[in-house]
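Engineer: Here's the letter readout for the chains.
There are 2 protein chains.
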Amino acid sequence: MPDQKQFVVTPWKVEGAVDYEKLVKDFGTQLIDDRLRARITKKAGFSNPLLSRRVFYSHRDLGWLLDMYDKGEEFFLYTGRGPSGGTHLGHIIPYTFNKYLQDAYDAELWFQVTDDEKYLVKELEQEEISEFARQNIADFIACGFDPKKTHVLLDSQCIKTLYPIALKIAKRTTFSTAKAVFGFTNETNVGLPFFTALQAAPCFLPSVLHKRNIPCLIPAAIDQDPYWRIARDVAPKLGFHKPAAIHCKFISGLGKGGKMSSSEPETTIFMDDSPTVIKQKVMRSFTGGAPTEEQQRLEGGDPSICPVYSYYTYLFAKSDAELQKIFDECEEGELMCGPDKTRLAGRVAAFVSDFQKKKQKALKRVDDFLFREEDFT
Amino acid sequence: MPDQKQFVVTPWKVEGAVDYEKLVKDFGTQLIDDRLRARITKKAGFSNPLLSRRVFYSHRDLGWLLDMYDKGEEFFLYTGRGPSGGTHLGHIIPYTFNKYLQDAYDAELWFQVTDDEKYLVKELEQEEISEFARQNIADFIACGFDPKKTHVLLDSQCIKTLYPIALKIAKRTTFSTAKAVFGFTNETNVGLPFFTALQAAPCFLPSVLHKRNIPCLIPAAIDQDPYWRIARDVAPKLGFHKPAAIHCKFISGLGKGGKMSSSEPETTIFMDDSPTVIKQKVMRSFTGGAPTEEQQRLEGGDPSICPVYSYYTYLFAKSDAELQKIFDECEEGELMCGPDKTRLAGRVAAFVSDFQKKKQKALKRVDDFLFREEDFT
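Going down the list, the protein sequences come from chains A and B. Numbering follows our numbering, with no gaps: position 171 of the first sequence is 237. Numbering follows our numbering, with no gaps: position 299 of the second sequence is 365.
FYI, nobody ran anything at the bench for these hints, they're computed from the structure. All values derive from a computational prediction rather than experimental measurement. Be a bit skeptical, because a hint or two may be false.
Same chains, same label: a pair holds when it works inside one copy or across any pair of copies.
[Stated by the list, open to error] Quick list of in silico lysine to any residue cross-link-like pairs, SDA-like style, CA-CA up to 25 Å:
#1 Lys427 / Gln290
#2 Lys322 / Asp85
#3 Lys425 / Gly129
#4 Lys137 / Ala356
#5 Lys79 / Gln426
#6 Lys226 / Arg438
#7 Lys109 / Lys427
#8 Lys137 / Pro341
#9 Lys188 / Ser113
#10 Lys237 / Gly152
#11 Lys226 / Glu197
#12 Lys277 / Gln192
#13 Lys277 / Glu197
#14 Lys425 / Arg103
#15 Lys303 / Gln192
#16 Lys79 / Asn252
#17 Lys303 / Glu193
#18 Lys137 / Phe73
#19 Lys226 / His276
#20 Lys237 / Glu189
#21 Lys325 / Pro302
Only chain A is shown next, with the shape it has when bound in the complex (with noise of 0.2 Å):
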């Protein structure tokens, strides 16, 4: 394992302690600043505490696509889900912050389900990501997105849409720049190369369709940047804006570091979880509690490197005044673990039940979402 000072980010893997400011100088992305944010904010009428709290830290090109905006051009969102697993709360938490910004900027919203790519990276047959696959998107619907403004990109099923663009890309992407951007090797099969122009085509599909070149904005994890290297690199050459981007940190698990995930069962709250499982998770989370209750009443606690205090940044605080108090009360000794915990349970319990009744209701709507290349002929 790397140690404190050394860290991996790859779109297939994250290790070590992530230095998200380290990040943005190696990637070369560019810190949100309050500007950006308050005209962000301006827009939606109201904060969002996944901006304001810089769980939406870095950018590419934001100004000039929020400049574009006021000048008169609409931009869509592009973001998506690779479908080998579950649901949990890591993917829903920046969905939400998709619904934000599709509701603030009116924004058509386009959403790819990399069913290739992961039957190329797993040990999974495509029947069984088909089924991930259906249940990721009504997970997607549930977050409340708006049927006329969104579209979900099946590779599998849109792929005869999709491929002529990625062959554009393709052809004008060389495997050595996709070894240097990916770490690709001899060894990788020769799926996920050309699979990396599949994942950059949607930044174009609606100018295509649309017959203009209409600005994108991504909203993903910083891990996923190195997929819109690519894109910005081709889309000159293919008379396309660049595709500008919107990166969160990772969403930590309830172990001790790291990024919620589905190959970690324990420190993840999956959507379909019962309340029963998540009260159990939740109360047996790493924390940045002193060993003993009677040292925490005399040293305070850390909530900087607890999960339980960063799951209320993200959702479940009711207010920043509250996360406020959260924070100073675990310093100072005065709120312990437990019934800290125990407040989160309940809150993270409510929010996935309400979810799960939502989730019902979407999964008679996949087909509705699908995109169809007739509905824009």
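Using the hints, position chain B against chain A.
Structural biologist: Structure of chain B alone, referenced to chain A:
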């Protein structure tokens, strides 16, 4: 240029004087022997000059395939075309052999038109390639294939059907393997290595559609053999038979050696050439004749290196007896190049004129031959 001893044969490049016997050894294929020739001839009911004169001369697993057939296991034929230019005699001659095999074995024939590959390797736009594809498909149909048993796979149009099969192949093929088989480098674009899986996909498509394991026979020029090595490598891992193949030599142009190629129009008979143009091209052809008529009467010509003679061999001698007579008279100095070319030019012009009438009808039937997945579900 390599000397006569050196030659290079890849799917994209043929250079030097090809030693076909050596190619069989290098590629690890086998020569078609008298017994195999006799089996096919007997089944067809008549001899095909492309077989008896050893233009189709090499194979993989042809004996196994015919044994399977004799046990009641029908096979299908799979061949194809890269649409980056006009159709010429070098394409039509192997098509006639496909027709011979289709009729002999009452076999389904799958014809892949690789508009995607041609876009990836040529300086052409997708729209230009689409038009070449339509023309090339009509040229193929004009050779008289049975519409009930012949399916044209235009990659961009049937990618949704081919893609899941190509993914299965791509997942099991490393860039290393593709490099070794095709000579790719790090500067190759990321589309081509994946395309190798897409060109292998039709080997298994009929088995997928008909839901049983159907043997496949690929008639193709020997330079295409590397594609089927990928398919043969992957086949057992996917539970399919390895595709069998029957390979032809390159159809020579009218210049001094070399494969007939659109990139050398002066020495290529295009299927839309006028009788006047055909006559010009044939009359200007390189030959195996002596420098002067007098010398030829004295020393004779060399039909073995003569493209004019080779065209009699492929398609334009009326019988083996006539072919032998031409050979002997040339060698003996009794036949001069002028009258020999005039006779060939007349036969080629008549063949092409007749073909053009069939092509005009075929242009209206292109859609009837295009594969539609719904016909198989």
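Engineer: Work down the list of hints and note, for each, if the structure agrees.
Structural biologist: Here is what the structure says about each hint:
no.: 1; hint: Lys427 / Gln290; in the structure: neither (30 Å within a copy, 52 Å between copies)
no.: 2; hint: Lys322 / Asp85; in the structure: within (16 Å within a copy, 66 Å between copies)
no.: 3; hint: Lys425 / Gly129; in the structure: neither (35 Å within a copy, 57 Å between copies)
no.: 4; hint: Lys137 / Ala356; in the structure: neither (53 Å within a copy, 78 Å between copies)
no.: 5; hint: Lys79 / Gln426; in the structure: neither (32 Å within a copy, 57 Å between copies)
no.: 6; hint: Lys226 / Arg438; in the structure: both (11 Å within a copy, 13 Å between copies)
no.: 7; hint: Lys109 / Lys427; in the structure: neither (30 Å within a copy, 62 Å between copies)
no.: 8; hint: Lys137 / Pro341; in the structure: neither (48 Å within a copy, 62 Å between copies)
no.: 9; hint: Lys188 / Ser113; in the structure: neither (39 Å within a copy, 51 Å between copies)
no.: 10; hint: Lys237 / Gly152; in the structure: between (35 Å within a copy, 23 Å between copies)
no.: 11; hint: Lys226 / Glu197; in the structure: both (21 Å within a copy, 18 Å between copies)
no.: 12; hint: Lys277 / Gln192; in the structure: between (34 Å within a copy, 16 Å between copies)
no.: 13; hint: Lys277 / Glu197; in the structure: between (34 Å within a copy, 22 Å between copies)
no.: 14; hint: Lys425 / Arg103; in the structure: neither (31 Å within a copy, 64 Å between copies)
no.: 15; hint: Lys303 / Gln192; in the structure: between (34 Å within a copy, 15 Å between copies)
no.: 16; hint: Lys79 / Asn252; in the structure: both (18 Å within a copy, 23 Å between copies)
no.: 17; hint: Lys303 / Glu193; in the structure: between (37 Å within a copy, 17 Å between copies)
no.: 18; hint: Lys137 / Phe73; in the structure: neither (41 Å within a copy, 61 Å between copies)
no.: 19; hint: Lys226 / His276; in the structure: both (17 Å within a copy, 22 Å between copies)
no.: 20; hint: Lys237 / Glu189; in the structure: between (29 Å within a copy, 10 Å between copies)
no.: 21; hint: Lys325 / Pro302; in the structure: neither (34 Å within a copy, 39 Å between copies)
Checked against the numbered hints above, the structure breaks hints 1, 3, 4, 5, 7, 8, 9, 14, 18 and 21 and satisfies the rest.
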